[in-house]
Amino acid sequence: PLEIWDEVIEINLTSVFTLTQLTGREMLKRGQGKIVNIASMQSFNGGMNIPAYAASKGGVAILTKSFANAWASRGINVNAIAPGYFDTKMTAGVKNNPIRYEQILARIPAGRWGQPGDICGSLLFLVSPASDYVNGVILPVDGGMLCT
Numbered sequence: 185p186l187e188i189w190d191e192v193i194e195i196n197l198t199s200v201f202t203l204t205q206l207t208g209r210e211m212l213k214r215g216q217g218k219i220v221n222i223a224s225m226q227s228f229n230g231g232m233n234i235p236a237y238a239a240s241k242g243g244v245a246i247l248t249k250s251f252a253n254a255w256a257s258r259g260i261n262v263n264a265i266a267p268g269y270f271d272t273k274m275t276a277g278v279k280n281n282p283i284r285y286e287q288i289l290a291r292i293p294a295g296r297w298g299q300p301g302d303i304c305g306s307l308l309f310l311v312s313p314a315s316d317y318v319n320g321v322i323l324p325v326d327g328g329m330l331c332t
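The working numbering applies: residue 185 is where the sequence shown begins, and numbers increase by one.
It is possible that some hints are incorrect.
To be verified - Pairwise CB distance ranges (calculated): (1) T207 - N280: 33 to 39 Å; (2) G231 - A256: 25 to 31 Å; (3) G328 - N280: 21 to 27 Å; (4) L307 - G231: 19 to 25 Å; (5) A254 - W189: 23 to 29 Å; (6) Q216 - N280: 40 to 46 Å.
Quick caveat, the hints were computed from the structure, so don't treat them as lab data.
Beta carbons are placed, not taken as given, at the ideal position from N, Cα and C, and that holds for glycine.
My request is simple: use the sequences and hints to build the entire structure.
Spelled out as structure tokens, the structure:
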């Protein structure tokens, strides 16, 4: 239904656009800054039965690249992390379905679902000086799932 589409786009895409603009405006005044958005594996492959979610996260990836292109010469890095399957409240329904859980697990070379802490190292890298020449990247944190 259109109401669900509108709600998902508002939460996942419009909010990222608005917050990136507001945050970026302040960073541009300083001439430096790092923004890290949260995309999704669905940014790359679209997913099944979740068109609004996939479109919103694909939009986050493209917005990230657009802002990166616009602001790179002004000292702002804009990147995104694209988590794979993580053990969170959002994925509890899928994880509680043994057949679906095993199907997903079979596609993750690391042999496990991610834990929320698995994103921390990637985030720290993207906000550190080590990533000063990294811009417009959508970094998969997925246990190797995109490789399969």
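> Has the hinted range 23 to 29 Å been met by the Cβ atoms of A254 and W189?
Replying inline: 27 Å, holds
> Is the gap between the beta carbons of G231 and A256 within 25 to 31 Å?
Replying inline: 30 Å, holds
> Could one say that the CB atoms of T207 and N280 fall in the range 33 to 39 Å?
Replying inline: For N280 against T207, whose Cβ atoms are near 36 Å apart, the range 33 to 39 Å holds.
> In this structure, is the beta-carbon distance linking G328 and N280 contained in 21 to 27 Å?
Replying inline: 24 Å, holds
> If you check the beta carbons of L307 and G231, does the distance land in 19 to 25 Å?
Replying inline: 23 Å, holds
> Taking 40 to 46 Å as the hint, is the beta-carbon distance of Q216 and N280 inside that range?
Replying inline: Holds: the Cβ-Cβ distance is about 44 Å, inside 40 to 46 Å.
In summary, the structure agrees with every hint in the numbered list given earlier.
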